[in-house]
Amino acid sequence: LLDRAFMVFDHLMKRKIKPNAITYNALISACARSVNVDLAFKVFSVMRAKNIPSDKFTYGALIDACAKAGHVEHAFRIADLM
102 LLDRAFMVFD HLMKRKIKPN AITYNALISA CARSVNVDLA FKVFSVMRAK NIPSDKFTYG
162 ALIDACAKAG HVEHAFRIAD LM
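Count along the sequence shown from 1, then add 101; that gives the number in my numbering.
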């Protein structure tokens with residue numbers, strides 16, 4: 102799932118389709134499902150660097166990634182940012 106999500110993202114970029122919050126949320130969610138919390142936060146960092154606003158789905162996916170990786174305290178800190 103994760104490889105496929107990034108393959109689609111790369112395809113969009115090659116076609117010069119500008120990613121939006123939904124695109125990044127899907128990537129973060131795929132990272133969460135694959136229990137790859139580090140990559141989820143890298144995607145989130147790119148999202149913020151590109152000034153794409155995060156929303157409740159972004160934070161929900163980050164919390165999910167943290168919870169699945171066993172980083173419960175980090176998940177609570179993210180929830181406090183919402």
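Bear in mind the hints are in silico, worked out from the structure with no lab data behind them.
Each hint should be verified, as a subset may be incorrect.
As the list claims (entries may be wrong) - Calculated lysine-lysine pairs in the DSSO-like style (CA-CA distance at most 30 Å, straight line):
1. K151 <-> K169
2. K157 <-> K169
3. K117 <-> K169
4. K169 <-> K143
5. K119 <-> K157
6. K143 <-> K157
7. K115 <-> K143
8. K119 <-> K143
9. K151 <-> K119
10. K143 <-> K117
11. K151 <-> K115
12. K115 <-> K157
13. K117 <-> K157
Right, here's what the structure says about each hint:
no. : hint          : result
1   : K151 <-> K169 : holds (27 Å)
2   : K157 <-> K169 : holds (18 Å)
3   : K117 <-> K169 : violated (33 Å)
4   : K169 <-> K143 : holds (17 Å)
5   : K119 <-> K157 : holds (21 Å)
6   : K143 <-> K157 : holds (18 Å)
7   : K115 <-> K143 : holds (20 Å)
8   : K119 <-> K143 : holds (18 Å)
9   : K151 <-> K119 : holds (11 Å)
10  : K143 <-> K117 : holds (21 Å)
11  : K151 <-> K115 : holds (17 Å)
12  : K115 <-> K157 : holds (28 Å)
13  : K117 <-> K157 : holds (27 Å)
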